[in-house]
Amino acid sequence: MGRYSVAYDVTTLPSEELINPVVTALFPVMVKVQRDPVKRTEIYLSVLYWSALLCVSTSVGICLVGDDMVDLVLGPKWVDVKPLVPWLALSFGLVAMSSNVYAALDSTGRASTSAGLQWIRLIGLAAIVLPVAYYFKDLEKIAMSRFWALC
Amino acid sequence: MTPTLFFTLAKALEIPIREILMTLVWPIISGLVMAAVVGGANSVIPFHGPPRLAIDIALGGLTFTSAMMALWFLRGRPAGPEAQFWQRLPIVSVVVDVAARSVTQTQNSPWPATEPASQWLKQRA
Chain F
1 MGRYSVAYDV TTLPSEELIN PVVTALFPVM VKVQRDPVKR TEIYLSVLYW SALLCVSTSV
61 GICLVGDDMV DLVLGPKWVD VKPLVPWLAL SFGLVAMSSN VYAALDSTGR ASTSAGLQWI
121 RLIGLAAIVL PVAYYFKDLE KIAMSRFWAL C
Chain C
152 MTPTLFFTLA KALEIPIREI LMTLVWPIIS GLVMAAVVGG ANSVIPFHGP PRLAIDIALG
212 GLTFTSAMMA LWFLRGRPAG PEAQFWQRLP IVSVVVDVAA RSVTQTQNSP WPATEPASQW
272 LKQRA
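In order, the protein sequences belong to chains F and C.
Note that my numbering has the first sequence beginning at 1, numbered continuously upward.
Note that my numbering has the second sequence beginning at 152, numbered continuously upward.
Worth double-checking, as some hints may not be accurate.
What the hints assert, rightly or not - Each computed DSS-like pair below joins lysine-lysine, with the alpha-carbon atoms no more than 30 angstroms apart:
1. F:LYS32 to F:LYS77
2. F:LYS82 to F:LYS39
3. F:LYS32 to C:LYS162
4. F:LYS141 to F:LYS82
5. F:LYS141 to F:LYS77
6. C:LYS162 to F:LYS39
Calculated directly from the structure, the hints in this document are not laboratory data.
Please read all numbers here as calculations on a predicted model, not as lab measurements.
Hey, can you work out the whole structure from these sequences and the hints?
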């Protein structure tokens with residue numbers, strides 16, 4: 001669990017730091033234009049484009065340089081986490097890119113839809129990841145299943 | 152499960168799903184280009200460690216940005232982050248000026264040799 005947790009922290013930090021301010025800013029802006037469908041669509045698509053730019057570049061980037069990054073950031077004692085890095089980076093890229101969906105739904109008074117989607121995501125992840133974890137007991141396969149569950 | 156989120160949002164906020172897909176496709180293409188270039192470079196770089204990491208980061212950043220800008224030009228330069236990047240990076244305009252000038256001067260282009268390429272492009276847009 002320690003290796004998975006450290007790998008998750010290292011791979012998600014850049015994307016998280018970049019995307020959180022974007023999603024945080026989306027909520028009040030969407031509230032302001034919630035009665036104007038044209039403006040609302042325009043703003044949402046603009047934020048989605050920024051999110052996609054940031055998430056794709058950081059998650060694919062970390063996926064590509066994962067080996068060297070682990071050596072540099074964590075040192076030689078953590079070589080075991082290297083196989084996890086690409087899967088966790090891509091998984092978080094997907095999560096971060098779609099995180100604005102919840103903010104958009106919440107800000108337009110659709111909190112129950114937003115909550116429903118979060119429950120569906122949680123149940124879907126559990127349904128795929130838990131059997132893989134139980135059967136294989138392998139961190140890389142768990143990280144892979146997490147990515148495929150999010151796709 | 153991620154597509155489910157976007158489909159639900161599109162339905163709830165009446166955003167055409169095609170608009171959402173077309174918004175996501177350009178960064179994804181640029182990401183694939185970056186993956187191909189950096190992956191290819193890694194397969195021929197014989198060393199590991201911080202030097203390769205530095206090369207990969209520089210190459211990846213350059214490739215992703217170049218791919219985004221190239222796609223932006225192909226799409227007819229719509230408003231967005233690329234337009235802001237283009238306006239705030241004079242050096243890019245200078246490089247394009249020099250490159251475009253060297254090409255068009257050999258092809259008898261209608262673009263006047265005394266006019267900066269960025270200005271000419273703006274007028275044409």
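> If you draw a straight line from the CA of LYS141 of chain F to the CA of LYS82 of chain F, is it 30 angstroms or shorter?
Replying inline: Answer holds: LYS141 of chain F to LYS82 of chain F is near 13 angstroms, not above 30 angstroms.
>> With the threshold set at 30 angstroms, check whether the alpha-carbon distance from LYS162 of chain C to LYS39 of chain F stays at or below it.
In response: Judged against 30 angstroms, a Cα distance of about 16 angstroms means the pair holds.
> Are the Cα atoms of LYS141 of chain F and LYS77 of chain F separated by 30 angstroms or less?
Replying inline: With a Cα-Cα distance of about 21 angstroms, the restraint between LYS141 of chain F and LYS77 of chain F holds, given a limit of 30 angstroms.
> Under the criterion that the straight-line Cα-Cα distance not exceed 30 angstroms, is the pair LYS32 of chain F, LYS77 of chain F satisfied?
Replying inline: 50 angstroms, violated
> CA of LYS82 of chain F to CA of LYS39 of chain F, is that 30 angstroms or under?
Replying inline: 44 angstroms, violated
> Is the straight-line distance between the alpha-carbon of LYS32 of chain F and that of LYS162 of chain C 30 angstroms or less?
Replying inline: Roughly 20 angstroms separates the two Cα atoms, so the pair holds.
Figure legend: structure checked against the earlier numbered hints; hints not met, in rising order: 1, 2.
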